[in-house]
Every structure is written in structure tokens, then in C-alpha cells.
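So the sequence lines, in the order shown, correspond to chains A and B.
If you count the first sequence from 1, you need to add 462 to reach our numbering.
If you count the second sequence from 1, you need to add 462 to reach our numbering.
Hints listed in this document are in silico derivations from the structure and should not be mistaken for laboratory results.
Don't be surprised by glycine CBs; every beta carbon is placed ideally from N, CA and C.
Wrong hints could be hidden among the right ones.
Label pairs and their calculated CB-CB ranges [said to hold, decoys possible]:
id	chain 1	residue 1	chain 2	residue 2	range
1	B	Gly628	A	Lys681	20 to 28 Å
2	B	Glu871	A	Asp682	30 to 38 Å
3	A	Tyr637	B	Gly628	56 to 64 Å
4	B	Thr481	A	Gly480	27 to 35 Å
With a straight-line Cα cutoff of 30 Å, these simulated DSSO-like cross-link-like pairs (lysine-lysine) come out [what the hints assert, rightly or not]:
id	chain 1	residue 1	chain 2	residue 2
5	B	Lys794	A	Lys479
6	A	Lys635	B	Lys634
7	A	Lys634	B	Lys548
8	B	Lys635	A	Lys635
9	B	Lys681	A	Lys479
10	B	Lys634	A	Lys479
Residues of chain B placed beyond 10 Å of chain A at every Cβ, according to the derived structure [stated by the list, open to error]:
id	residue
11	Asn508
12	Asn514
13	Gly575
14	Gly783
2 protein chains.
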Amino acid sequence: MTELFDAVDIIRTKRDKGTLSPEQIDWTVDAYTRGVIADEQMSALNMAILLNGMSRAEISRWTAAMIASGERMNFSSLRTPSGGVKATSDKHSTGGVGDKITLPLAPLVAVFGVAVPQLSGRGLGHTGGTLDKLESIPGWRADLSNEAMMAQLQDVGAVICAAGAGLAPADKKLYALRDVTGTVEAIPLIASSIMSKKIAEGTGSLVLDVKVGSGAFMKDATMARELAETMVALGKDAGVHTVALLTNMDTPLGLTAGNAIEVEESVEVLAGGGPEDVVELTVALAREMLAGAGIHDADPAAALKDGRAMDVWKRMIAAQGGDPDAALPVAKESEVIYAPADGVVVGLDALSVGVAAWRLGAGRARKEDVVQAGAGVRMHAKPGAMVRAGEPLMTLLTDTPERFERAKEALEHAVIIAPEGARPAQELILDRIS
Amino acid sequence: MTELFDAVDIIRTKRDKGTLSPEQIDWTVDAYTRGVIADEQMSALNMAILLNGMSRAEISRWTAAMIASGERMNFSSLRTPSGGVKATSDKHSTGGVGDKITLPLAPLVAVFGVAVPQLSGRGLGHTGGTLDKLESIPGWRADLSNEAMMAQLQDVGAVICAAGAGLAPADKKLYALRDVTGTVEAIPLIASSIMSKKIAEGTGSLVLDVKVGSGAFMKDATMARELAETMVALGKDAGVHTVALLTNMDTPLGLTAGNAIEVEESVEVLAGGGPEDVVELTVALAREMLAGAGIHDADPAAALKDGRAMDVWKRMIAAQGGDPDAALPVAKESEVIYAPADGVVVGLDALSVGVAAWRLGAGRARKEDVVQAGAGVRMHAKPGAMVRAGEPLMTLLTDTPERFERAKEALEHAVIIAPEGARPAQELILDRIS
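With the rest of the complex left out, here is chain A (with noise of 0.2 Å):
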């Protein structure tokens, strides 16, 4: 078969500030997933579309050249009690240390009405995966048949499972390739990665957390904002209502960063308890995820209050096959961190945090790794409390307690504690891109 392109050619193009035309860029995901271009072919592509950028129109183009390449999943046969099609909202995190929102979120919006199917992943590196968390929970399965998984939204209305290998597979192939090249900070590759499994995902809307700060893959206000607008447009290009919270990531999120000791936390959420922060951006993103659904006049705040969002909950937890009532895995050994000196705790640094929880055993740095559901850290103090000192302010958690030390290496410059008086200024949602 002859190709129609020349990869040699299109890299040169990207290599010299040019632009690619629509057919080339089909061409070029179409013929990377065939493996006509190269592996080391499509990195040296990637290192000059890092380095020289592409446009809008190109993006878009790669976008949909990637959701070209697999299945599309299609909610349409969703049916509301009245027999209508049933709106459809997602939510994704461009992830952070103890973000554990999709938990409470994902319940809390199915509660009125909106069907909420959230692919998830595994975590890798310092943030976690929503699919460790939960995996933490006895039975509880990530795997579901797409009839099953329709049956769960039908019925339920919230799903929190693992995304099929037949979503975009150019995505799954070439972000394989970006991670041992150098090339996974290339906004136009990770807006494009993010959208093109969200849309092959067929939501009917989209809210965005993309965080930014220490413990965030965006370090700089900058680059997360124009992520941010980047992917706005391409899910309006793709006819999918998007918006994107700008959320900082300077600070854990809630008091835990780990597996089961999120759950713990985000049924304390459902509860109608749980950390301020995380009850914020919970009811923050609900809001945005129902306004993008058509629903404007649902109070979340309250649906966490009532028990609502804990019923759905334990019906989403039960119809995956876990016990919503069982009993945690809870780690072996532990090792409290105290307080130095007397004062206010003026910062926490989220990426000191997420490696330790990493080290402890929480994460994995290879993919075939296996997290221990009960390692993490458990934070007795955020910024703006007051602590005296020998008061805790973390608890370690591992079942391999050798894992301590290089935990402790991780937080030696993590907490920052200043004279009484001293004010942290930290807000949580930075800015709302639509």
C-alpha cells in the first residue's frame, strides 16, 4: 500500500515552525497506530511539537485523528424515569496530592438525575489513581463490561470504573511513548490525550479540574491556564459542553493522601462530614457538572447533608461487588511526625506529601507495581492551624516499615510553621475557564 505521506516530511514540517495540514495529521496518528511511522520516528515528532507548539486547528485535528482511531461509547439509550434521554456529566482531574473528589462527586451528581460514567485510571508516580482507591474496598472490581456498566447507569446512575483498551488507542500507544522521551509536557499532546478519551468517552458534558502548584503535573499558573483553554476549546470543537475549574495544588487535598484512608475520608464527605476543602471542591465541580447537564437549581450541599449522595454511593460500591460497610485495610505499622516549634502552619507542600505517600507504598513507579491499600499519610494539621510543639502533625502509614525513612526524607521541608499571628493565603479554586 502506498501512505500518503512521508514521515520524514512531517516531522521537518512541525521541526521548522510550520503547520500540518488536516490530511497529514490524520495520516500521521492513523499511520503511528498501524506502525508504519516509528516509535522513534513519532518522539522526535513529539519533542518538536513540545518545543515549537501547534495551533488550535491542529490540535483539534490531532484530537479527533485519536478518537478516530478506536470506539466511541454512546449513553444515548440512558432513559430518565419519564422516559427521556438522560443527561450525561463527567468530570476529569488533571490529578493532585489526596484528590479523592471523584468519590463523593460521582454519587453526589447522580443524585439528581444525571448519569455519571467516570473512566478512571491507576495512579503512577506521586498522584494517586482513583482506581487504587477504591480498589482498597473488599470485592470492589474496576472492570466492567460496557453492559454492565450501562445497566450501572441505568440503574444507579454513577459508575467508577476502567476505561476499555478500545478508547483511543493512538492515545494509549503514543502516551506510552511520551513518558520514556521526555515529551509528556507538551500541552498539545496532554490537552489532546485528556479530550480525546473524555469525548470517545461520548459525555454529553465535561467539567475540568486542572490543578496547579507543587503537587500538580502543571507547576506554573501559566501553563495549567492554557491547558485549561486548550481543552475548553477542543471539547467545544467536538461538541461537548466543557468547562475547566482552575484549582490550586500548592496543599493536599483533605487530611489523607493514600488509598483506603481516602475512602475513609470521602465517606466522612458523604456523610455530610469530612474536610472543608474537599466539601468545597465536591460541591464547586457538582454545580458545574449539573449546570453543564442542564440542572441549575440543585443544591449538592445539601445532598451531601441529607444522606442522598451516601445512598448512591453505597448502591454504586455494591453493584461493582464491594462491601460499602466492610471495614478498610488498615496498614501495619506507623510513625508520627511532630511539631518542631509552636505556631501557625503557614504550608504543606503537596508534592513532599505525595512522594512520601508514594514511598510508603501508596503509589507504584512501575506499572506492574502493586499499592498497599492502607500506606499513605494522614496531615493532623493544614495550613491556618495553630499547633504546639510535639503535637502530630502527620501519622506515616506502611506495612513495610523500611519504607520510613525515604518517606521522612520526602517531608523534611514540607510543613512550614511561622509565629502565631502569621496567615496562610491560600485559595482553593484559583478560576473558571469556559
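Use these hints to put chain B onto chain A, whose structure you have.
Positioned in the frame of chain A, the structure of chain B alone reads:
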């Protein structure tokens, strides 16, 4: 074995415009040669180097690491008649159309007692290869053992042969990768590729003929100058006396572009005749090579006129199995292109002629192609010549007449004829960098 560095860290450093440490560079070249750095990682790094550049110190270390990847030749056993160590000198051209200079130059320099170990390559694309040209001489062999090469350098003084696989193997692997990943045109990589081979060849002094113009690898004078300066600096760093001439390649050198027809023209030059530009460049490069070897009072022009260079040529060809007096192969078919109007030739595009010769069968598109000894382009009028309408401008030569059509297409706009009185402004030697 634990590796000293991580490939992704190194890619990221260069991607983010950082500087690689000497240890990182040594490891990178070595790990790539060992296969620890994968092709897709090296191509991403190459693209980052192409777009973000390298410092002089980085290029110098990279070159040294490539040299260290293989064996180094040593000519210190060569002796002058009086028993001293023979001086060695080598020339490298970045490649042009009709560039047969190595053929008369090597024996010419050897006339003055300097050893000329000219390790050469085969052609790929529109610029011819020195070995391809010489292989049109019946019986001549490019492949010599190290012992045969040393013996010939001692006895004859000049050798033009294929480089062994043991010299800079990292460069060999890297060049093949750059060729398919759009990363050939990176000055740090070009300079280190050329200089690593030349320094590994062990010459005492080196003259670089850096071509600039349509038929050259570098179309742009600024880039060509940067390449020349970089290579001269690399030579200096390695203790090899290095000079570069920047020479014009908008017009082919001489009146022939092909294989046997270029040998024929070289023999004319060695017989004291031949085209002015070929003689001028041969003599200029000979002076530089001789000066590099410490000989400042030689008269190379005289050695062309009086037959001394021809004597060395004949001995050099015969030493490698060739018959210097044998008839050269002649193409089976020819076709003439005529002047469309009266006037002065003011332009004769090197790239067009090179592509035409290549399409006629003088060059190869893939490494495994076989070249036609007799194929090529004979030019009858160079810039500055007066022509009358209907006079022959060029003769196209090939064994396979179906090739004429595409060769003529390449030549469609190759010749520019202006009204009488116009004068082409073309200097051959543009600058000297030392």
C-alpha cells in the same frame, strides 16, 4: 548493572534548554551504543538538540565520546625518507555536485611527502560519493585492510578507501537514526559526526571544504559558517590542526556530474588541464593541507602541470587493483539539451544538475541501490559562457533511457541565460576559517 543516569532526565535537561554535564554526555553516547538508551529516546534528544542547540563544550565532549565509542587509527609508524615521522593531512567536503576534488587532491598533496589517508564514503541522494566515482575504474577496490592501507601510505603516500566499521560506531548508529527522524540538519550533530570520524582516523591536520549554496547540504551561508566554525573549534579541542574553506555550491564544480565522467575530468586536471574552478579549488585545498603539515614553500599548481601528481595518482590507483590507463565505462544512451536563446549563462543550478545526475542513475536513493558508472550530466557551458540558440548546453548520460524524462524535469529551470553583457557574479572560495 546500575546505570549512572536516566535517559528521560537527560532528554528533559536538553528539552528545557539546560546544559549536559561531561559525565552525562559520556554516558549518553555510551548507553546509546550499548542499547540502554532506546532509539525513540535518542531521537527525542536529537530533536531537542536540533531545536535548542548545544554549547561548544557540550559538542566537544559529545565528539570525544563518539570517538571513544570505537577504535582510533594511528599513523605514527609512517616514516619520511630521513627516518622522521611522516606528516599526515586529510580533507573533508560536506558534499556538493560535481565535487571530484578528492581525486586529484590526494595524489597532489602526496607529491610533497605528506601522507594522505582519505577515508571516504558512498553517495546517498543528489551528491555523489568519492568511492562510487573511483569504482568506475576497472579493477579498483575501495576496501583495504588496515595493513594494506598503511603500506600504501608509506609507499605511495596517498590512499582513498572505505572507512572501517570500527571507527566511531556510535556515529554510524546515530546517523542512521537521524536520517529517518528529521534530525540530520542539527549543526552540533553534523559537526560532531564529521569530526568524530576524522579525528578517529588519526590525521595530524585537516582541511574542511564547507559547501554553501543550492547544491550543498547547507543552503544558507550563516549556517554553513556556523558549521565551519564549530568544526574548526572541535579540531582545535582534539589537537588536530584544522582549517575550513567556505566554498560556493550554487553551481556544480567542473563540467561533469556523475562517476566515470568525473574520474575522466580529474585525470584531465592531473594532466595539467581541466576546468578552471576544479583546478583553483584543488590547488587552494592542497596549499591548506600542506600548510597544515608544516610545508609552506610548495607549489602544487606546478605539480599538476609537470606530471608529478599524475605519477602518484597512477601508483595510487594501481595499488588498489585499478588500471589507471584502462578505458572508463561509457553510458549506453545520451540526450542533449540545447540553449533556447542567445545570451550569457548567468546561472546553472547545482541542485538541479545533482538531482538530474542522480535520476539518470549516477546516485542511489537507498543504500542498497547500485550506481551506473557511465551515468551523469556533462555540462558544455558554465556561468559566464556565451551561448547561441540551438547550441548544446548539457548532455545527459544513462544506460536506462526511461530515466531521461525525470532528469529533464529536474533541469527545467536549471540554466538561466541573460542578454549579452550580463555578468554572473560567482566567487568560488567565499571565506577561510581557522
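Violations among the numbered hints, reported as their numbers in ascending order: 1, 2, 3, 5, 7, 11 and 12
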